[in-house]
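Peer 1: Got chain A; can you put chains B, C and D on it based on the hints?
So the sequence lines, in the order shown, correspond to chains A, B, C and D. Following this note's numbering, the numbering of the first sequence begins with 1 at its first residue and continues without gaps. Following this note's numbering, the numbering of the second sequence begins with 1 at its first residue and continues without gaps. Following this note's numbering, the numbering of the third sequence begins with 1 at its first residue and continues without gaps. Following this note's numbering, the numbering of the fourth sequence begins with 1 at its first residue and continues without gaps.
None of these hints come from the bench; they were simulated from the model. Errors might be hidden in some of the hints.
Note that the list lumps identical chains together, so a pair holds whenever it fits in one copy or between two copies.
[To be verified] No more than 20 Å apart at the CA atoms, straight line, and that leaves these computed lysine to aspartate or glutamate pairs for EDC-like:
{"#": "1", "residue 1": "K107", "residue 2": "E487"}
{"#": "2", "residue 1": "K175", "residue 2": "D227"}
{"#": "3", "residue 1": "K302", "residue 2": "D291"}
{"#": "4", "residue 1": "K25", "residue 2": "E79"}
Predicted, not measured: the structure shown is a model, and the values here were computed from it.
4 protein chains.
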Amino acid sequence: MPLPRRGRGDDLILTNSSPMLMTGKEYLESIRDGRALYVGKERIEDQTTHPAFADGARTYAALFDMKSDPALRDLMTFEEDGERCSMYYLQPRSQQDLRRRNRAHRKIADFCFGLMGRTPDAFAGNLTGLSMKPEVFDSEPVGNRNNLLAIYRHVRRNDLFATYAIVPPQGARNKDYYLAKGLPQPALRVTAEDDRGVTLNGMKMLASGAAYAHEVLIGNVMPLAPDQLKESITCVIPLNLPGLMLWSREPFNRAGMRAFDRPLTTRFDESDCMLVFKDVKVPWEKVIVHDNPGLSRDIYIKTAAHVIANHQSNVRFGSKLRFMLAVASLVTRFTGARDIPAVRDMLGRFAAMEAGYNAMIDGQIEACQPFDNGFMVFNRRYLYAAIHWAMENHSGLIDIMRELMGGGQFQFPASIDVLDDPDLRTLFETFWTAGEFAAADRMKLFKLAWDLIGSDHASRATSYEKFFVGPAFAVRNYNFINAPWDELHVAVEQFMGTYGTTQGSVR
Amino acid sequence: MPLPRRGRGDDLILTNSSPMLMTGKEYLESIRDGRALYVGKERIEDQTTHPAFADGARTYAALFDMKSDPALRDLMTFEEDGERCSMYYLQPRSQQDLRRRNRAHRKIADFCFGLMGRTPDAFAGNLTGLSMKPEVFDSEPVGNRNNLLAIYRHVRRNDLFATYAIVPPQGARNKDYYLAKGLPQPALRVTAEDDRGVTLNGMKMLASGAAYAHEVLIGNVMPLAPDQLKESITCVIPLNLPGLMLWSREPFNRAGMRAFDRPLTTRFDESDCMLVFKDVKVPWEKVIVHDNPGLSRDIYIKTAAHVIANHQSNVRFGSKLRFMLAVASLVTRFTGARDIPAVRDMLGRFAAMEAGYNAMIDGQIEACQPFDNGFMVFNRRYLYAAIHWAMENHSGLIDIMRELMGGGQFQFPASIDVLDDPDLRTLFETFWTAGEFAAADRMKLFKLAWDLIGSDHASRATSYEKFFVGPAFAVRNYNFINAPWDELHVAVEQFMGTYGTTQGSVR
Amino acid sequence: MPLPRRGRGDDLILTNSSPMLMTGKEYLESIRDGRALYVGKERIEDQTTHPAFADGARTYAALFDMKSDPALRDLMTFEEDGERCSMYYLQPRSQQDLRRRNRAHRKIADFCFGLMGRTPDAFAGNLTGLSMKPEVFDSEPVGNRNNLLAIYRHVRRNDLFATYAIVPPQGARNKDYYLAKGLPQPALRVTAEDDRGVTLNGMKMLASGAAYAHEVLIGNVMPLAPDQLKESITCVIPLNLPGLMLWSREPFNRAGMRAFDRPLTTRFDESDCMLVFKDVKVPWEKVIVHDNPGLSRDIYIKTAAHVIANHQSNVRFGSKLRFMLAVASLVTRFTGARDIPAVRDMLGRFAAMEAGYNAMIDGQIEACQPFDNGFMVFNRRYLYAAIHWAMENHSGLIDIMRELMGGGQFQFPASIDVLDDPDLRTLFETFWTAGEFAAADRMKLFKLAWDLIGSDHASRATSYEKFFVGPAFAVRNYNFINAPWDELHVAVEQFMGTYGTTQGSVR
Amino acid sequence: MPLPRRGRGDDLILTNSSPMLMTGKEYLESIRDGRALYVGKERIEDQTTHPAFADGARTYAALFDMKSDPALRDLMTFEEDGERCSMYYLQPRSQQDLRRRNRAHRKIADFCFGLMGRTPDAFAGNLTGLSMKPEVFDSEPVGNRNNLLAIYRHVRRNDLFATYAIVPPQGARNKDYYLAKGLPQPALRVTAEDDRGVTLNGMKMLASGAAYAHEVLIGNVMPLAPDQLKESITCVIPLNLPGLMLWSREPFNRAGMRAFDRPLTTRFDESDCMLVFKDVKVPWEKVIVHDNPGLSRDIYIKTAAHVIANHQSNVRFGSKLRFMLAVASLVTRFTGARDIPAVRDMLGRFAAMEAGYNAMIDGQIEACQPFDNGFMVFNRRYLYAAIHWAMENHSGLIDIMRELMGGGQFQFPASIDVLDDPDLRTLFETFWTAGEFAAADRMKLFKLAWDLIGSDHASRATSYEKFFVGPAFAVRNYNFINAPWDELHVAVEQFMGTYGTTQGSVR
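Next up, chain A with everything else stripped away, as it sits in the complex:
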């Protein structure tokens, strides 16, 4: 079977005529596409073999294999119009469809314990949500509804993994500075247009997963000023377009790092890339918003994109919480502290928080809401509440884990390579064994736990959970604007209407 062939620049559309789910092997082949990926000044020729990315690539490949496993066919895929597609492209029309999406997200999230935010189902939720209300794009002069739907079908049909970059660089806030100095603006913008499409220059932040994805949506999640016409460009493009550079942040996996020492970093570092554009040509078919600052921001909220996509992020965080709870519990078993009432109390509290959070996800299905065009969406208020909960509580839960671990993680040798030296090994096994728990097993668990709370990878996650939907004020604003204030106020006002200033008692 011929692999999906992906061209460069002038050949953006996958050409296989018989759509099917990608296997892991096909996936790995498909991302060796010549993209310009940089780690500092080093150009990475093949991210599937480079030490900083190879393990991550294998994790994504395993996800593709899982998804195409016939045994999981009903869980991970659906059939429509004769095509079998990944479940995360399902447009939900019922409560049951929402459950199906939920189950598929959970399977993926559980595979990586919720430690990767940008699995293929993440942006897929956004794109599917956009497709559920394409008329939003009709306000565009060029009728981009069709482009949007074509992109949705293209990505779904070819089982692609797309991601997004929707934040301007820091320097974009200082527009006047650049104008005054006659310098180019750092924020990505359209610098030329012709019959075939637009030319882009500038930078976009921060494409998580871009080292591993096929395509990327470029857009704006933060409001633009009305005069930022050229920055409003929103399009979905392959990551190997000529002129597009991926500048990776410092990778956390590196040559020589052992799985034993960093079991999570080695597998689950999804990468984050800044995207630098130098005269990148994008054909009109890939453009969904242009010269329309208001729409550029609104598409996520006015369509079902935000609500469908963030259910995935909710589910992912729920998997992570379960993993954290499990590790916390195992650590206390290994330290022998699990039966101390105060420790049991902390675990009970942790379990309560985990269950409470996951209840909020199930509540989104029970209280699902009709959407336009006959579709159904998750309960919005519950969704934003769950995002808020995660943002507010994750650091504290990590801190509980820190408390439960004590200084344990610093009480192991610098490397498990002590096993290579017979004398050191004997000492290690004599002094580090703790009752029934063998020295190497204890070290293995503490290394895992440290990689969950203390490594660079862990710390990046702690920041990520605070910010991936936006800063705290934005998350609280989502909750504010979705609250039914009038209904709430009326209930109080009606009650206050039942008594006046004079009664000695009620009624």
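Peer 2: Relative to chain A, chains B, C and D alone:
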């Protein structure tokens, strides 16, 4: 129509042969039953007219009226075996039945803004839950399964309002002290038995709603020692049994208190009574546990009692949260601070917490669990998580309201009676009006808000939300014992099994 | 000995020529001065005998007696210019003087367990602080430096108790509304001026202690707009000036309330009054700021007023913390829970917080700072830090007390009058005794604790601790503007200057 | 000048006869003493040149240079008995002496921004504190008072840097397991004794700074059982004793790490070592506790060791807080967010917390307490309160920094080596500059901030601040046992004695 007749002592069963829902008027008649209710040394002859209780009684009567309103028939009642019963006696057999219970609870909770914990549907949940697994009582020598089912049918058929008292007095912890001194033990116990039944002496804490209820379950929510045979007595009895005294805690409503000044205290003070027994005779038919300390505690957990009853408490707290959020929002509207970003942020956070909590309730329905005997119950882990959430967060939310109110509540005259004096009224309306918000309206809202956060009634609620299910360690223990530890551990252990001590990288 | 005579209106200066410390009896006489004090529509003729105020008045009288007790002469007073004065009027010139003020504040605070915020030493700190930099008032056209110093000498010489009211009414924020409607502005302002002085109309909030004090400072703690010339009036006047009305908020003490039931409310309700002015004439000698909006606000910060006065508030809160800690500990002794590790842990945490807070107060002395004119002041940053700490932590500590009390406070009869009835008394003593702790003693302690955390009086205090220095953002702003940002930044910048972009390692 | 010569095994005492302060160069020479330091299986021959330790060694050397700088003579040293000694060996006899210790600690702490816990003044405080009450050691059969004083003089005279290891390995808790299996116990113990001294075998945790120190105290901070005679051994020994191995935890500094990328890790990784003993001979002169489990634990509390030593840890944390506050502020200046009210509010809060903590340290001097033998110590309650504060608040403050940084740290290239490539450099400087803040400067600050909150080094510190004095329950216990409960209780009881059960009002 003859009122349900309720006898004293030797005539415990209601005798109306055609069961029907009680109206408010019938309810008020029915609780004037001669019970021995004390406020300090004062014996209250008629709680439906005494200033400390009359307003509360009217609130309960209004609930009965609402329940028997034909317009709410489908929401508030169900029909079974030709009888129409209050919905809160429904034994749920499906997810839909759980939704029906949920909706009825919510209607009642919304009526009193969740400010009364012991509405008739509260203990009804316990009793219904007990009836869903009556075989638990078969371990009793005298086959109390039948007693339990008869009590369930009796209460449901006669539309009664029952409550419970299941905590020993403080002194019970010092058993040795009383033995050494030859003093009677304060904890309630069986002091004699004969063919007709048992004789009870001692005290039980703390029957909320007892001033207003028809019957009360006496039992033990805290574990007993194996030798506390006689304290294990569990029975459901009328509150007017000879020898039974109700000692009320200080009532918060009192003569001369205006609805304007204390709109919540005057309506929603549900009362708490200590129950003092002096040679109270209880017939065997009313006994469900006897001489069985283990069972006495276990019945709530081994049956569906705890899970069914606490869904009501979850729903009630959800209504309260909505009310708190509404009042918080209105206060900021009246102070003009609502549009300040920091205030809006606080309201957004409050709204997120309210939505998150109510999501946990809906999640209990989505993730409902099969129970024995073909019944269905709410998701237990989510239920205990919600209890834990409320216990941990209520005080903090009250504190946010305090913050939003500023010192506003202290900046009003001592009484709205200033309106009676024309000169004072003019000054009041001149100086206390704030823009579009009239002086008396502002005062009315701040008085309401104070009664929600600052009055004795409010403070009692703040303690209540912390303790009504038990102290924090008990609530955390419920969460601990219901967590699926093995399943959680296995997932981590399987992952750790995929790598050893030697690999340079994963796989 | 003739009592200090205090006149009305045209006779504002006390006339006794031989200054001396007031006794409690003299104090009580002195406040029966005809002031127009209202509780709702009721005019209070004599606050030293009215049930709502008599107990409070006696507490203040006891403070005066303590202060004039020869045994406490060195602790509570100092001598200057041949006059013996209350210590809280001492202008500190050394670290030792600061300690002397600290000790006197603490003696007063301990007397009322920090439960009264507006003891005579509170505003005395403000006035003394103003007097330490009188040149600030020279910017006034009429040379108010002399007025200020004369007021300071007058109050100190006559041992007066003064308070303050420095917040506009809520309606003041809606100025445009009143202008548009042609209504009088509610905010206090100068409505006329002549050779003798100014005429005032409008309202000021919120004079705590005004029912008991002799005089009151009228001013503005919140910034005024430059055009609010007439609202900038700042003066110190007797509370019995003709045309001045005191509108009390709802008093918490009332007829029939027993000390047993509300031991703190009955003694320590300091009162809060709104001040309503109707054509009140104030002579120029009493005016310290006029037609100067900027200065009106600045005097507290540019002089030593804020820092000297708030050390008293720090000390007061420290006394309260000790009291709270003591009650928390006693409650656990009475419930028998004190030896449970989790409870001991909570008490240890509480003790750590109490000690930490009081350490912040002592730190203000160790790190005291020179001020202008040869004076010395407490460390400002530490002072604002302590205010911030109290504001942030008080509610949480009350919540810990709530947790330690459990539902205990609701498990006592409505009134201790059960002791009057022999039968009830026997039951009470049988069932409510808990081991070695007698029924009435237990009830007494729980009533005290409730009055500290749950009564209206307690709730008012919980709001007060959050707001008496200003809202959270203002307190944080004090901390922001006093932080040595430049010094802090330079240290980091110097460090960053020691390494560049190229080194493989440091240095 | 001959360097202090340090022998191995049978030559434990430094032999230079003219004591003087060590320079950095001398220090570096002195620690190249043949100690058996391991990183995994690798034996580190020279920690002053090995990439994992060389930078740290230079930092310590710089501290020695600073200390011997004549310009800082009065601040950093004192003279006694004709010897000039490091200030941290001063036995304080007055409040002023406590201030001198405080200032010297602060100078050292500020040098490393409080990021190293085990600077030479840390254990010096312990040892000095032990020497202030040597009679505690008289309870030892062999009169170890003299040993202790000789050790104190030896370390002080030779200006040595000593550290400590006082925690048993995890396995020590499972004693029965080892007995049952016939395995050697992992906990360090005396396995033989003879005329010259004791022989030690087993392991001790966790000697921070041991890679860099000269000597180490071996002891027990956790209570021993009465039968743990042989584990009670307490002695102070050189780190190069034959048979003693130092097993380092994973070092955070490593070859190729740039100061630019990890400016704190590279300089301030103080190391932590597990100490493994194989037949280590310790002469009697170095033993201070033997065969005395009770004393082994008590010496820290019964002498001034704990209070003197922990003042240093307080001061160190105070320096760190200032550094954190400075970095937090600079980050917001660089992001342009510093003037947003919500950000300013967070900084104000942070500043309040920093000031409050440092106030607690100054309070320990103001409220210093006399100790035995004419000495003076810091206020104990305030000291433990400060420890508790740091333990409770550090993680939260790190989280505030995380919040202020946003995702900024992930929006920079993987390495500053992009400057080496002209094209990349141009792009970097174009797109990463933000207004007046140059690209490399921004990256430098964010790298520093990340190394303070997110790197392995940072995470280790976050655990360290939680645990270095002991787990939370132990810290709370110190606060519990030092609280003046009787005094606190009496004040409440006296108050309650002023009113009975019958008064209508107080007095």
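Peer 1: Evaluate each hint against the coordinates.
Peer 2: Here is how each hint holds up against the structure:
1. K107 - E487: between (38 Å within a copy, 15 Å between copies)
2. K175 - D227: within (12 Å within a copy, 36 Å between copies)
3. K302 - D291: within (18 Å within a copy, 54 Å between copies)
4. K25 - E79: neither (23 Å within a copy, 61 Å between copies)
Hint 4 alone, counting from the list given before, is not met by this structure.
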